[in-house]
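J.: As a plain string of letters, each chain reads:
2 protein chains.
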Amino acid sequence: MSDRAEAAVRVIEGSLRKRGRLRDSHITLAHGSGGKAMRDLIEDVFVGSFDNPALAALEDQAVVALSELASHGDRLAFTTDTFVVNPLFFPGGDIGTLAVAGTVNDLAVSGAKPLFLSCGIVMEEGLPVEALRRVVASMKRTAEQAGVYIVTGDTKVVERGAADKLFINTAGIGVVPEGISISARNARPGDAVIVSGYLGDHGTAILVARNELALETQIASDCQPLNGLVETMLRACPDLHCLRDATRGGVATVLNEFAQSSGVTIRVREAALPLRQEVKGACEILGLDPLYLANEGKLVAVVPAEAAQRVLAAMRAHPAGEHAAVIGEVTGEQAGVVVLQTVFGGERIIDMLVGEQLPRIC
Amino acid sequence: MSDRAEAAVRVIEGSLRKRGRLRDSHITLAHGSGGKAMRDLIEDVFVGSFDNPALAALEDQAVVALSELASHGDRLAFTTDTFVVNPLFFPGGDIGTLAVAGTVNDLAVSGAKPLFLSCGIVMEEGLPVEALRRVVASMKRTAEQAGVYIVTGDTKVVERGAADKLFINTAGIGVVPEGISISARNARPGDAVIVSGYLGDHGTAILVARNELALETQIASDCQPLNGLVETMLRACPDLHCLRDATRGGVATVLNEFAQSSGVTIRVREAALPLRQEVKGACEILGLDPLYLANEGKLVAVVPAEAAQRVLAAMRAHPAGEHAAVIGEVTGEQAGVVVLQTVFGGERIIDMLVGEQLPRIC
Chain A
39 MSDRAEAAVR
49 VIEGSLRKRG
59 RLRDSHITLA
69 HGSGGKAMRD
79 LIEDVFVGSF
89 DNPALAALED
99 QAVVALSELA
109 SHGDRLAFTT
119 DTFVVNPLFF
129 PGGDIGTLAV
139 AGTVNDLAVS
149 GAKPLFLSCG
159 IVMEEGLPVE
169 ALRRVVASMK
179 RTAEQAGVYI
189 VTGDTKVVER
199 GAADKLFINT
209 AGIGVVPEGI
219 SISARNARPG
229 DAVIVSGYLG
239 DHGTAILVAR
249 NELALETQIA
259 SDCQPLNGLV
269 ETMLRACPDL
279 HCLRDATRGG
289 VATVLNEFAQ
299 SSGVTIRVRE
309 AALPLRQEVK
319 GACEILGLDP
329 LYLANEGKLV
339 AVVPAEAAQR
349 VLAAMRAHPA
359 GEHAAVIGEV
369 TGEQAGVVVL
379 QTVFGGERII
389 DMLVGEQLPR
399 IC
Chain B
39 MSDRAEAAVR
49 VIEGSLRKRG
59 RLRDSHITLA
69 HGSGGKAMRD
79 LIEDVFVGSF
89 DNPALAALED
99 QAVVALSELA
109 SHGDRLAFTT
119 DTFVVNPLFF
129 PGGDIGTLAV
139 AGTVNDLAVS
149 GAKPLFLSCG
159 IVMEEGLPVE
169 ALRRVVASMK
179 RTAEQAGVYI
189 VTGDTKVVER
199 GAADKLFINT
209 AGIGVVPEGI
219 SISARNARPG
229 DAVIVSGYLG
239 DHGTAILVAR
249 NELALETQIA
259 SDCQPLNGLV
269 ETMLRACPDL
279 HCLRDATRGG
289 VATVLNEFAQ
299 SSGVTIRVRE
309 AALPLRQEVK
319 GACEILGLDP
329 LYLANEGKLV
339 AVVPAEAAQR
349 VLAAMRAHPA
359 GEHAAVIGEV
369 TGEQAGVVVL
379 QTVFGGERII
389 DMLVGEQLPR
399 IC
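As given, the protein sequences belong to chains A and B, one line each in that order.
For the first sequence, our numbering assigns the number 39 to the initial residue and increments by one for each residue that follows.
For the second sequence, our numbering assigns the number 39 to the initial residue and increments by one for each residue that follows.
Rather than coming from a laboratory, the hints here were simulated on the basis of the structure.
Check the hints yourself; a few may be wrong.
Intra- or inter-copy, both count: the list cannot distinguish identical chains.
[Unchecked claim] Within a straight-line C-alpha distance of at most 20 Å, the following computed EDC-like cross-link-like pairs (lysine to aspartate or glutamate) qualify:
1. Lys318 / Glu254
2. Lys178 / Glu168
3. Lys318 / Glu308
4. Lys151 / Glu182
5. Lys151 / Glu106
6. Lys178 / Asp78
7. Lys178 / Asp89
8. Lys151 / Glu269
9. Lys151 / Asp202
10. Lys178 / Asp82
The shape of chain A in the complex, shown without the other chains (with noise of 0.2 Å):
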């Protein structure tokens, strides 16, 4: 074949290439070498699924007028998160619903609203392709129910045993409405706590998934986005103290983070805990403090007393806030403590978490 029916062999299998399906089963190395393999990866699996102008154009960046962004607010919030749940799947979510959920949740709790996300992923070689489309569909899934773009991406694999399947970070921008302050130095002597529901479900629905509790359970994680109830949260009162989705560390490490940044303790009621039967229960077994663990759909707030009735009812009225509750509140005896009141009438110091409870639980 002459050099110039090669080429236009080629050209017409691009064209089709864009329509078509990847056609292996299993990441290869080659699908990490930044060649062919690659752009058919990233055209089918991702492009296809994510479809923006943004992500479309293949750009090695996305770009978006600064106008588009000032028609939000005056500041740009920027975060990132790294993903290595272990399993991928579990009741619930996996980890493309974790990724964008987490990125999402990061940028609300600044009061942003979240519009992009970039997405960087390390395959193991010999991944199924099938598990990533999964994780995939999660991902613009979940992208949809935030009203974010992923717009900008990456892939690297890695040789057999140099990664376990499949590790993904996002970075996400939002951008903060004018006279929005929330910051975890912000919690007032007077202010109440609340969370936005049953705590611990994300922590006990891995520990169930890896087969380490010997309980048949129902519980599922309560991996979700929660910037639209931030914004039912910010409309019934626009200035939210503190803000935080309860993580890696749970709900005890944030209240401990807001008491030590903002100087003040922080009075928790133990009986006041939405906690489920079967985390309760799981608990007890397994020796597990509820207020550790992690949580991939809840925020803790600290709100001027005076809107505590009335950030609680709107957040009741949200599906993301339905069981939300008052938990404590500020006072000012002394900077950087936390206390449990407990259901025995005792009072116990929460510190932060101390060594680690569950690896690779987000």
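Start from chain A and add chain B according to the hints.
T.: Quick look at chain B alone, frame taken from chain A:
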């Protein structure tokens, strides 16, 4: 000890801790727990190195005024890249240099001024803390060189054997100045094709570092930020047509992307390719094609013919472009074709990389 006394001791430790050093010699699963050990690691190794106000606040997201971004241009550029290079340390750089320079370069080739990076790290249990410190020091140095800030991050630890030592994802934000419009779709017949210097240094350096070459060479990776060079080029010619750094897949892959996206032929003269003797030698011995070797501090530019000598002169006056050369030109013969005119007077089609040349090159 009463609760009060215990709390007071902890708070004093807390404030000392920020100025102290992490005492562990190796990374453990606790350093990824979301709890105290992770906070110690982040405060000591990361915040201590990347020192900037956004990161020091230790919120889950960095926030920057849109008005500040608007002072640099009218469009936001957003990109991401994950680095899994093996080995972590090699002549000329390490995974940290690469992680900063790589993302800076992906922004720079859109014409954007790179401003902020995120950093998502996956560590294998048992990684020596000193290795992490060295990598973080390289990230800091490269970020300073490029004039960017690392403003937000995340660390995960996986159990021994679930990852190979250390993977780093960086996402980056930059701003594109008004009037700049660089795209792989902009190559026009008559345009000149320029590369910014010697090709294949990074790929060869990694091969040598892996002891896969039975050669004694002094080749160091070309790993470096290119945003300064791009600024110089844009001053010489604001109308640069295409620009891309030639990483995985090498110059051949970039030229194919330009040819396909622009619907043109690109003709390259083999004799004009800037190649070090050592790289040429290694390629001949191993049967590698230098056009496919990875670079980590080289770019390919397509510029209007009338501007070619002006751009070339500007590049050669910059340390990152002293060996820049015009290597070919764009023609309208056929869409999506790259042709090499060999030193023997023949012609051959240069396709995108098929299969995998060197896994984990970046």
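J.: If a hint holds in the structure, say so; if it does not, say that too.
T.: Checked hints:
1. Lys318 / Glu254: within (14 Å within a copy, 64 Å between copies)
2. Lys178 / Glu168: For Lys178 and Glu168, only the intra-copy Cα distance (15 Å) is at most 20 Å; the inter-copy one is 39 Å.
3. Lys318 / Glu308: Classified as within; 12 Å inside a copy, 70 Å across copies.
4. Lys151 / Glu182: within (14 Å within a copy, 30 Å between copies)
5. Lys151 / Glu106: both (13 Å within a copy, 19 Å between copies)
6. Lys178 / Asp78: Within one copy, since 19 Å is at most 20 Å while 35 Å is not.
7. Lys178 / Asp89: Answer is within: at 9 Å inside a copy they meet the 20 Å cutoff, but 36 Å across does not.
8. Lys151 / Glu269: So Lys151 and Glu269 pass the 20 Å test inside one copy only (8 Å; across, 32 Å).
9. Lys151 / Asp202: Answer is neither: 33 Å inside a copy and 36 Å across each miss the 20 Å cutoff.
10. Lys178 / Asp82: Within one copy only: 14 Å inside a chain, 37 Å across chains, cut-off 20 Å.
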